[in-house]
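Number of protein chains: 2
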Amino acid sequence: MTQIKQYEEILGLVYWDMRTGAPRKGIGLRSEAVGALSSETFKLSTSEEMGELLRALNEPGELAKLGEIDRRLVEETAKEYERNRKIPPDMHREYVVLTSQAESAWEEAKEKNDFPGFVPYLEKIIAFNRKFIELWGAKATPYDTLLDMYEPGLTTEELDRLFGELRARLVPLAERIANSPNKPDTSFLAGTFDKDAQNKFSKHILNEMGYDFEAGRLDESAHPFATGLNKNDVRITTNYLPDDLTFALFGTIHEGGHALYEQNIREELAETTLCTGTSMGIHESQSRLWENTVGRSKAFWDRYLPDLKTYFPGQLDEVSAEEFYRGINVVEPSLIRIKADELTYNLHIMIRYEIEKMLFNEQLDPRDLPEVWNRKYEEALGVTPANDAEGVLQDVHWAGGAFGYFPSYSLGNMYAAQMMDVARRAIPDLDEQIGAGRLLPLKEWLTEQVYQYGKLQRPSEIIERVSEQPLQSSYLCDYLENKYREIYRLE
Amino acid sequence: MTQIKQYEEILGLVYWDMRTGAPRKGIGLRSEAVGALSSETFKLSTSEEMGELLRALNEPGELAKLGEIDRRLVEETAKEYERNRKIPPDMHREYVVLTSQAESAWEEAKEKNDFPGFVPYLEKIIAFNRKFIELWGAKATPYDTLLDMYEPGLTTEELDRLFGELRARLVPLAERIANSPNKPDTSFLAGTFDKDAQNKFSKHILNEMGYDFEAGRLDESAHPFATGLNKNDVRITTNYLPDDLTFALFGTIHEGGHALYEQNIREELAETTLCTGTSMGIHESQSRLWENTVGRSKAFWDRYLPDLKTYFPGQLDEVSAEEFYRGINVVEPSLIRIKADELTYNLHIMIRYEIEKMLFNEQLDPRDLPEVWNRKYEEALGVTPANDAEGVLQDVHWAGGAFGYFPSYSLGNMYAAQMMDVARRAIPDLDEQIGAGRLLPLKEWLTEQVYQYGKLQRPSEIIERVSEQPLQSSYLCDYLENKYREIYRLE
Numbered sequence: 088m089t090q091i092k093q094y095e096e097i098l099g100l101v102y103w104d105m106r107t108g109a110p111r112k113g114i115g116l117r118s119e120a121v122g123a124l125s126s127e128t129f130k131l132s133t134s135e136e137m138g139e140l141l142r143a144l145n146e147p148g149e150l151a152k153l154g155e156i157d158r159r160l161v162e163e164t165a166k167e168y169e170r171n172r173k174i175p176p177d178m179h180r181e182y183v184v185l186t187s188q189a190e191s192a193w194e195e196a197k198e199k200n201d202f203p204g205f206v207p208y209l210e211k212i213i214a215f216n217r218k219f220i221e222l223w224g225a226k227a228t229p230y231d232t233l234l235d236m237y238e239p240g241l242t243t244e245e246l247d248r249l250f251g252e253l254r255a256r257l258v259p260l261a262e263r264i265a266n267s268p269n270k271p272d273t274s275f276l277a278g279t280f281d282k283d284a285q286n287k288f289s290k291h292i293l294n295e296m297g298y299d300f301e302a303g304r305l306d307e308s309a310h311p312f313a314t315g316l317n318k319n320d321v322r323i324t325t326n327y328l329p330d331d332l333t334f335a336l337f338g339t340i341h342e343g344g345h346a347l348y349e350q351n352i353r354e355e356l357a358e359t360t361l362c363t364g365t366s367m368g369i370h371e372s373q374s375r376l377w378e379n380t381v382g383r384s385k386a387f388w389d390r391y392l393p394d395l396k397t398y399f400p401g402q403l404d405e406v407s408a409e410e411f412y413r414g415i416n417v418v419e420p421s422l423i424r425i426k427a428d429e430l431t432y433n434l435h436i437m438i439r440y441e442i443e444k445m446l447f448n449e450q451l452d453p454r455d456l457p458e459v460w461n462r463k464y465e466e467a468l469g470v471t472p473a474n475d476a477e478g479v480l481q482d483v484h485w486a487g488g489a490f491g492y493f494p495s496y497s498l499g500n501m502y503a504a505q506m507m508d509v510a511r512r513a514i515p516d517l518d519e520q521i522g523a524g525r526l527l528p529l530k531e532w533l534t535e536q537v538y539q540y541g542k543l544q545r546p547s548e549i550i551e552r553v554s555e556q557p558l559q560s561s562y563l564c565d566y567l568e569n570k571y572r573e574i575y576r577l578e
Numbered sequence: 088m089t090q091i092k093q094y095e096e097i098l099g100l101v102y103w104d105m106r107t108g109a110p111r112k113g114i115g116l117r118s119e120a121v122g123a124l125s126s127e128t129f130k131l132s133t134s135e136e137m138g139e140l141l142r143a144l145n146e147p148g149e150l151a152k153l154g155e156i157d158r159r160l161v162e163e164t165a166k167e168y169e170r171n172r173k174i175p176p177d178m179h180r181e182y183v184v185l186t187s188q189a190e191s192a193w194e195e196a197k198e199k200n201d202f203p204g205f206v207p208y209l210e211k212i213i214a215f216n217r218k219f220i221e222l223w224g225a226k227a228t229p230y231d232t233l234l235d236m237y238e239p240g241l242t243t244e245e246l247d248r249l250f251g252e253l254r255a256r257l258v259p260l261a262e263r264i265a266n267s268p269n270k271p272d273t274s275f276l277a278g279t280f281d282k283d284a285q286n287k288f289s290k291h292i293l294n295e296m297g298y299d300f301e302a303g304r305l306d307e308s309a310h311p312f313a314t315g316l317n318k319n320d321v322r323i324t325t326n327y328l329p330d331d332l333t334f335a336l337f338g339t340i341h342e343g344g345h346a347l348y349e350q351n352i353r354e355e356l357a358e359t360t361l362c363t364g365t366s367m368g369i370h371e372s373q374s375r376l377w378e379n380t381v382g383r384s385k386a387f388w389d390r391y392l393p394d395l396k397t398y399f400p401g402q403l404d405e406v407s408a409e410e411f412y413r414g415i416n417v418v419e420p421s422l423i424r425i426k427a428d429e430l431t432y433n434l435h436i437m438i439r440y441e442i443e444k445m446l447f448n449e450q451l452d453p454r455d456l457p458e459v460w461n462r463k464y465e466e467a468l469g470v471t472p473a474n475d476a477e478g479v480l481q482d483v484h485w486a487g488g489a490f491g492y493f494p495s496y497s498l499g500n501m502y503a504a505q506m507m508d509v510a511r512r513a514i515p516d517l518d519e520q521i522g523a524g525r526l527l528p529l530k531e532w533l534t535e536q537v538y539q540y541g542k543l544q545r546p547s548e549i550i551e552r553v554s555e556q557p558l559q560s561s562y563l564c565d566y567l568e569n570k571y572r573e574i575y576r577l578e
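Chains A and B supply the protein sequences, listed in that same order.
Sequential numbering of the first sequence, starting at 88, is according to the working numbering.
Sequential numbering of the second sequence, starting at 88, is according to the working numbering.
Possibly wrong hints are sitting among the right ones.
Note: identical chains are not told apart, hence a pair may lie in one copy or across any two.
With a straight-line cut-off of 30 Å between C-alpha atoms, the simulated DSBU-like cross-links for lysine-lysine are [what the hints assert, rightly or not]:
(1) K282 / K463
(2) K570 / K385
(3) K130 / K282
(4) K152 / K218
(5) K199 / K542
(6) K226 / K130
(7) K542 / K226
(8) K542 / K270
(9) K130 / K173
(10) K270 / K385
(11) K396 / K282
(12) K542 / K112
(13) K166 / K290
(14) K218 / K287
(15) K112 / K282
(16) K199 / K570
(17) K426 / K130
(18) K226 / K385
(19) K173 / K270
(20) K270 / K396
(21) K282 / K385
(22) K290 / K130
Think of the hints as simulated: they come from the structure by calculation, not from any bench.
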């Protein structure tokens, strides 16, 4: 298990490098090397020896002899083993090489706005995933099998219900906002913002959040991400846009939230495969909690707007914290998910969710994706991409084969709202704390409640322990309604 | 063999990362992961299966059936196999983890000028190497065994002779220079030179040399290095000193020379273990050829000084190419090897060579290294380090266990001078070409003569094919005498 963990750490570093600046021409051979090492890791996790050890540990009475960590390790390992044993090793290797090359192809296709150039990769990746579903065995629907990879136990049935509830309250809210005469002023967000100053302010905020730069680093990449190589090397990236003051900043806080999770897993899990977030949904709850509940709050900007002004002298002198807060929370249907406001963001996710279900449950032809994409954006958000780079090609996920991942973002929003409801009772003066630049009490509370456990508890166990109930959509809806009622002065 | 090559590529990337900015706290676990993967690579190279394959291929008549590349691959692999089989796998792994940690320890010790803090690592590394020598079998002397690792076939006997010849001509030359009244003016080299401009000019020169930035990248590290991960990903680092105009620049050209070698190995070797330089001596011949013969030549600065002036406006306006050329070639005994002039540089190497021989052939106690080091610097160069950071701790090599490597640098100088003698006959107007900024004809000639072969030919085969004779010290001595006679206007 340690060897598997170590190989995954090294593979994580190779992927980080590929995304942050590996020379283009070297990618071909690098992908082959990644394939070789992934393949070896895969073999370790599916070896006869592993099977025998797992069988022996699952003999009656054996598991009871183990401590909590080892028991959970055996359980997780057995699950991986069962799943991986069904995939022929050559198929796995081919798939790793393919997705590794597809990421570069996606980057090029996005740059050149060339969806047809990316289709062959997408077709192959989808075909592989269809085959995987067949080998693993389809659950209620084929897409359910994919969902379970990222949020163990989650079904399309439950997700349809949760997303239905969200839609029922958020769409009317969006309409009331659209009809409100009290639009926030966003004029001060326009301009050119020095990249270097953006970088320095991002670092400042990460420090304030308690991100440990001796156990991580901040770089640039086309698509921001966080990666925990080991718990003392958790790297994040962001993307500085010269004409956008807040894009890199909120990206950094988002990835910083992921990183706080990974950096604060308890030490005794460090060398085990449990040393990572328990699910993508819980992971996104932490990134989106920091990005939105903290980073887009009034209290936060009461404290940090004066700091921000010193990084961009003369550019924001006239803006008050109230105006800034309202400006960064403007609700506006838009094309790019990672630039979306907190409310319409969930509609972006639902579009991807619906499309993914169509791909796997209804055999949608990938060549038709741009058309379907554009129609759904028009229907749900009233906007149409001018080209595929700002449409179907905007996200890297499908290039990496991450079908079933997108719902995690909205799950994260729901988990986060539900947890924050508890946090506010545990830290009654939380807003005053944030307003005084004391972000660490929240970080400590989250460490105690969530981070330290890594994968030691399942997502459902975590949310139920923290909030004494299963995941609900109502907390997120309440939170958004309250927030926007005030900003847009709704009745 | 492909798998071994691929794992080495990935390990190379991990080392690159460790040296260019991996977070400090993650190094411990990373070193363990490196140990695990190195160990696996080591096992592949020493497996029973490998042994059987090599035996089968060495049956009478079998090798003759193979092509040139495969024959050479078998030969090199058999040599590695024989050597590695003698090292117990656990011992190898322990050593890899040790040297990986020792590099960080060295960095810290150098920063804090704390040699005693580094001694425990050094003692262990030396003990390991003594054990390796015992297992491999000592040649004429124990140190001969280490030499052979970096320059196959080289002996202390031959090196004593070559270094003796060098000393016999270079020490008197250094004395004549010291007594010359015609000292170059170096005042224009003092000042503060913007780091960013240094970086940009370094990149400009690398482009001029034909370094392919789509198959490589330039970063910063405490100790400059080049690493060929694969032939399309050859990375170099340099170190910008704000008060030194030329340190980073010549470092970049030096590492750029290494990189040209690796980037221009013929395509058909790309996926084999022959896709690297044939020896450290030949590798250093290419870095030092570009750094010195090209980068410190009059013709080069005739062309590039005007460029340099545009990167540092107002700072070098008064300097002529002739003055610049003389200034950067000032001969001055100094403490730091990588800052030394072309002449005294060889004396630095001889000091390390003598100390390494003492460590392995005479059991010198590592704790006495600073004393021995300082005495030898006083004797050979007339200078004494003020502290160990600028003395015995200045180089990373010993932290990585690279005993026997240093001689490569002077061998490189000798190889380079001997090759340049041929190059000047092949390209009679070479100086005019360089003076016109046409560096590519030289690069093409070196590609044809040296680079393309990778490890397909042995060092002795290369120098004898190129120059029709074995390695001589006289070409380097002639070159240096001619160069300094003119600069110092010696009789």
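Structure-based check of each hint:
When the C-alpha separation of K282 and K463 is checked against a cutoff of 30 Å, the pair qualifies neither within a copy, at 34 Å, nor between copies, at 50 Å. Proximity of K570 and K385 under a CA criterion of 30 Å is satisfied intra-copy only: 10 Å inside one chain copy versus 70 Å between copies. For the homomeric pair K130 and K282, neither the shortest alpha-carbon distance inside one copy (45 Å) nor that between copies (48 Å) is at most 30 Å. In this assembly of identical chains, K152 and K218 lie within 30 Å of each other by CA distance neither inside one copy nor across copies; the values are 38 Å within and 43 Å between.
For the identical chains of this complex, K199 and K542 are neighbours neither inside a copy (40 Å) nor across copies (40 Å), given an alpha-carbon limit of 30 Å. Proximity of K226 and K130 under a CA criterion of 30 Å is satisfied intra-copy only: 26 Å inside one chain copy versus 42 Å between copies. For the identical chains of this complex, K542 and K226 are intra-copy neighbours only, at 23 Å inside a copy versus 54 Å across copies, given an alpha-carbon limit of 30 Å. In this assembly of identical chains, the alpha carbons of K542 and K270 never lie at most 30 Å apart, being 43 Å within a copy and 69 Å across copies at closest.
In this assembly of identical chains, the alpha carbons of K130 and K173 lie at most 30 Å apart whether taken from the same copy (12 Å) or from different copies (28 Å). Taking identical chains as interchangeable, the C-alpha atoms of K270 and K385 lie at most 30 Å apart only when both belong to the same chain, with a minimum of 17 Å there against 68 Å between chains. Within a single copy, K396 and K282 get their C-alpha atoms as close as 15 Å, and across copies as close as 27 Å, so both meet the 30 Å cut-off. When the C-alpha separation of K542 and K112 is checked against a cutoff of 30 Å, the pair qualifies only between copies, where the shortest distance is 22 Å, while the shortest distance within a copy is 37 Å.
In this assembly of identical chains, K166 and K290 lie within 30 Å of each other by CA distance neither inside one copy nor across copies; the values are 39 Å within and 50 Å between. For the identical chains of this complex, K218 and K287 are neighbours neither inside a copy (46 Å) nor across copies (50 Å), given an alpha-carbon limit of 30 Å. For the identical chains of this complex, K112 and K282 are neighbours both inside a copy (28 Å) and across copies (28 Å), given an alpha-carbon limit of 30 Å. For the homomeric pair K199 and K570, neither the shortest alpha-carbon distance inside one copy (39 Å) nor that between copies (53 Å) is at most 30 Å.
Taking the shortest alpha-carbon separations for K426 and K130, neither the intra-copy value of 40 Å nor the inter-copy value of 49 Å comes in at or below 30 Å. In the homo-oligomer, the alpha carbons of K226 and K385 never lie at most 30 Å apart, since the shortest distance is 44 Å inside one protomer and 75 Å across protomers. When the C-alpha separation of K173 and K270 is checked against a cutoff of 30 Å, the pair qualifies neither within a copy, at 55 Å, nor between copies, at 76 Å. For the identical chains of this complex, K270 and K396 are intra-copy neighbours only, at 23 Å inside a copy versus 54 Å across copies, given an alpha-carbon limit of 30 Å.
In this assembly of identical chains, K282 and K385 lie within 30 Å of each other by CA distance solely inside one copy; the values are 25 Å within and 40 Å between copies. Taking the closest pair of Cα atoms, K290 and K130 never come within 30 Å of each other, the shortest separation being 40 Å inside a single copy and 43 Å across copies.
Comparing the model with each numbered hint stated earlier shows that hints 1, 3, 4, 5, 8, 13, 14, 16, 17, 18, 19, 22 do not hold.
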